[in-house]
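**Student:** Sequence:
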Amino acid sequence: MEELKMYNSLSRQKEIFKPITPGYVGMYVCGPTVYSNVHLGNCRTFISFDIIYRYLKYLGYKVRYVRNITDAGHLEGDRDEGDDKFSKKARLEQLEPMEIVQKYTLGFHKVMELFNTLPPTIEPTATGHISEQIEMIKHILANGYAYEVNGTVYFDVEKYNQEKPYGILTNRKLEDLLEGTRELGGQDEKRGRLDFALWIKAKPEHLMQWPSPWGMGFPGWHIECSAMSCKYLGKQFDIHGGGMDLAATHHTNEIAQSEACYHEKPVNYWIHTNMLTVNGARMSKTAGNGFLPHQLFTGGHPLLDKAYSPMTVRFFMLQTHYRSTLDFSNEALQAAEKGLKRLWDAYEILENLPAGNEIKEAMDPELDKRCIDLLDEFDASMNDDFNTARVLAAMFELVPVINSLKSGQIALNSLSTGTLEQLRKKFSIYLTDVFGLKNDKEADSGRLEGVLQLLIQIRKEARAKKDFATSDKIRNELQQQGIVLKDEKDGSVSWSAV
RNA sequence: GGUCCUGUGGCCGAGUGGCUAGGCAGAGCUCUGCAAAAGCUCCCACAGCGGUUCGAAUCCGCUCGGGACCUCCA
Numbered sequence: 009m010e011e012l013k014m015y016n017s018l019s020r021q022k023e024i025f026k027p028i029t030p031g032y033v034g035m036y037v038c039g040p041t042v043y044s045n046v047h048l049g050n051c052r053t054f055i056s057f058d059i060i061y062r063y064l065k066y067l068g069y070k071v072r073y074v075r076n077i078t079d080a081g082h083l084e085g086d087r088d089e090g091d092d093k094f095s096k097k098a099r100l101e102q103l104e105p106m107e108i109v110q111k112y113t114l115g116f117h118k119v120m121e122l123f124n125t126l127p128p129t130i131e132p133t134a135t136g137h138i139s140e141q142i143e144m145i146k147h148i149l150a151n152g153y154a155y156e157v158n159g160t161v162y163f164d165v166e167k168y169n170q171e172k173p174y175g176i177l178t179n180r181k182l183e184d185l186l187e188g189t190r191e192l193g194g195q196d197e198k199r200g201r202l203d204f205a206l207w208i209k210a211k212p213e214h215l216m217q218w219p220s221p222w223g224m225g226f227p228g229w230h231i232e233c234s235a236m237s238c239k240y241l242g243k244q245f246d247i248h249g250g251g252m253d254l255a256a257t258h259h260t261n262e263i264a265q266s267e268a269c270y271h272e273k274p275v276n277y278w279i280h281t282n283m284l285t286v287n288g289a290r291m292s293k294t295a296g297n298g299f300l301p302h303q304l305f306t307g308g309h310p311l312l313d314k315a316y317s318p319m320t321v322r323f324f325m326l327q328t329h330y331r332s333t334l335d336f337s338n339e340a341l342q343a344a345e346k347g348l349k350r351l352w353d354a355y356e357i358l359e360n361l362p363a364g365n366e367i368k369e370a371m372d373p374e375l376d377k378r379c380i381d382l383l384d385e386f387d388a389s390m391n392d393d394f395n396t397a398r399v400l401a402a403m404f405e406l407v408p409v410i411n412s413l414k415s416g417q418i419a420l421n422s423l424s425t426g427t428l429e430q431l432r433k434k435f436s437i438y439l440t441d442v443f444g445l446k447n448d449k450e451a452d453s454g455r456l457e458g459v460l461q462l463l464i465q466i467r468k469e470a471r472a473k474k475d476f477a478t479s480d481k482i483r484n485e486l487q488q489q490g491i492v493l494k495d496e497k498d499g500s501v502s503w504s505a506v
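Just so you know, we're using the working numbering here: the first sequence kicks off at 9 and counts up by one.
Be aware that one or more of the hints could be misleading.
To be verified - Using 30 Å as the maximum straight-line C-alpha spacing, the simulated DSSO-like pairs for lysine-lysine come out as follows:
| id | residue 1 | residue 2 |
| --- | --- | --- |
| 1 | 346 | 481 |
| 2 | 167 | 181 |
| 3 | 377 | 65 |
| 4 | 172 | 65 |
Just so you know, the hints here were simulated from the structure itself, not pulled from any lab data.
Start from the sequences and build out the full structure, keeping to the hints where you can.
**Tutor:** Right, dumping it as structure tokens:
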């Protein structure tokens, strides 16, 4: 099989993936800040990495997947009088900071579950790793890349840059970065304009603060990921991911901290997912154009005509490559909903296909080969930087074949039994295991199935008597309930939920 | 201002220099008690202008448009 290639932000090109330890992958993904609800843009990133995680597992790798929960306070702005995000919100809502954290962590997990993402293997919290962060800061100080001013510790970017290129991840020179930075009035604590805080001195009113060698305070934003990734994945690990918006600042600083601490390149492959946009503009907390997952599932958003299921949204995201922006619109979602249904229908046909006789030789070798080629494209496309859109295109090309297999337009023995089996298996594995899609219909079946079979039977009897008034009534009323009946060619009746 | 990305048919979106992306919508036909599905066929796009090449949506240049990052944000 071809090798897996992934786009590395560090080199700005696709590279063949070689794990540090054969057979094992260490992957760290920057998780959510739990002081408010996650919006759909956040979800896109986590869904993208869920696919990557699933695919790595599909390839047989044993993956340690670490995704953090940021629950420690950060400065609001670039000023040290800025409030701790968590305590600020806590005061507004009269809650303890950890109550906020708990509330939104649970909400986040619920949403991730609805989207059917697999939980990471380790989900560490920043507040649970304060001592690790302090240790790391001590190390960086000892190595001479940081300095303390009045209880706050800053990272010395210019000093670091003398030895290692600071802007390596986003291909920027320090001079250019300095030029782009605005003048910070009243901020004379920092020696360099690009210097960032590793540890921040807390004011007495800060609710979240911890003792440290520099007095009471809390960690800077970037240090948690460096400390936790090192703890669970080592000083050097395979993949670090996150949204593209994190590359320039957060990830750049992570690299600098880790290098300054351990003198080792922390990450081999940096993977960045692109943004979700609304009317061409990035969805973000501050822009106020964020969709909450909940609004989507209920249709409760001014820009939406109707509700869309989590799986429709997941599928919608799969149709676009993870490094392209994805624009959110009603029409696109509707198209996704229909497309996904077409895929599920094909999936069901495959699952219910009769076994048939053992056929070694395909009666239609040309078609047989085409099917094999399309199936091979699944892995080939995924190996080419996780191109889910191209896998789906290949799947859709197989759908007419599958449908024809059912209707008899293509005889079962046109394909060899081996091909048929591979078709069934691969279609199913990709849909459910790799892409993580769940059949909504299967979820609410059970009792409903029994009731429907009764109605279908009554309708069948009516039709046999040419009592179309009754048969149409059953079908029409069911449709009102969102259930569509189909009279198949062989006289059977199937149903699907809209 | 700096660093980049991007501009594909009605809509969404893949795309390796030559070979069909795909989905949705639309049109026609077939099937069907009627539907719905499904099958078949059609709709042959690549911002503009130049250049490289036997050949470019794909490479290069310019022009115009859109966006991101440089400040908390997946």
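**Student:** None of the hints should be skipped; say for each whether it holds.
**Tutor:** Status of the hints after comparison with the structure:
1. 346 - 481: 25 Å, holds
2. 167 - 181: 14 Å, holds
3. 377 - 65: Cα-Cα ~28 Å, so holds.
4. 172 - 65: 35 Å, violated
Comparing the model with each numbered hint stated earlier shows that hint 4 is the single one that does not hold.
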